[in-house]
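*Asks:* Letter by letter, the sequence shown follows residues 14 to 259 in our numbering.
What the hints contain is simulated information worked out from the structure, not anything from laboratory work.
No experiment lies behind these values; they were computed from the predicted model shown.
Glycine included, each C-beta is placed from N, C-alpha and C at the ideal position.
Some hints could be false.
[Stated by the list, open to error] Across the chosen pairs, the derived CB separations fall in these ranges:
#1 Ala41 x Pro183: 35 to 41 Å
#2 Ser141 x Arg257: 39 to 45 Å
#3 Asp232 x Ala75: 39 to 45 Å
#4 Ala48 x Leu151: 34 to 40 Å
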Amino acid sequence: MTDQLTSPPLLLVPGHWLGAWAWDDVLAHLSPADARTKALTLPGLDGDDPAHATRTIEDQVAAILETLDSLGASPADPAVVVAHSGANGPVSIVVDRHPELVRRIVWVDSGPMASGSAFAPGLPETVSELPLPPFDELGQQASLAGLDADHLDRFRDRAMAEPAPVVREPVRLTNDARHAVPTTLVCCSISGAQVIRMAESGHPMFAEVTRLRHVDVVDLPTGHWPMWSRPRELADIIRAEVARGR
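Just need the whole structure built from these sequences, with the hints factored in.
*Replies:* Laid out in structure tokens, this is it:
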């Protein structure tokens, strides 16, 4: 049993095109030397992996579960999982299959996916990867507010193309117990009030939110990548959520 003064396992999962490096600025304000805190590079986003383009969402699920195990997560000492943006696919599956391993899920400008949904279901089978779009195009889909030229240069230099199987595959969820996992929505490019309205109106991006039993909403006004635009404030939010989970 974890001592009351010991922090629970904390896993940070980045969104599309990103590796563990995306959390560096946030970790600098947390406890980067904490053996129970880890930022994860999902399969398919590792440039040293020669088969990265063929990695699947199941590979990512397996990597998350392996990392939770390495951090000591268990039903007696479940983890806090922080998921940004497109990490919601594999993380939603993990929470569905093993809700007992997660004491709280923190969605960063994101939210749980609904069963049967996919990021890019219509992506042609001939496409093997989904590269980071030009920023003028990306900015029409997700807010770049708060990012300066250095942020954008680092993003472009370090981004990996997303494996097509990951964005094409629908998530399959069957366990209603996932809805009982305490959840925090960190709302950045869209306000918390807007997210709740969208959820209540049945918007597919947030429809699952209405099925959650324990939801807290925290506003952090900025763009879609708060780990760069407001890392200290995001770290403070994560720290508070970890403390609640003890």
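*Asks:* Would you mind marking each hint as holding or not holding in the structure?
*Replies:* Now the hints, each set against the structure:
The beta-carbon spacing between Ala41 and Pro183, approximately 36 Å, falls within the hinted interval of 35 to 41 Å. For Ser141 and Arg257, the Cβ-Cβ distance of about 42 Å falls inside the hinted range of 39 to 45 Å, so the restraint holds. Between Asp232 and Ala75 the C-beta distance comes to about 34 Å, which lies outside the given range of 39 to 45 Å. Take Ala48 and Leu151: their Cβ atoms lie about 35 Å apart, and the range 34 to 40 Å holds.
Violated hint: 3 only; the structure is consistent with all others.
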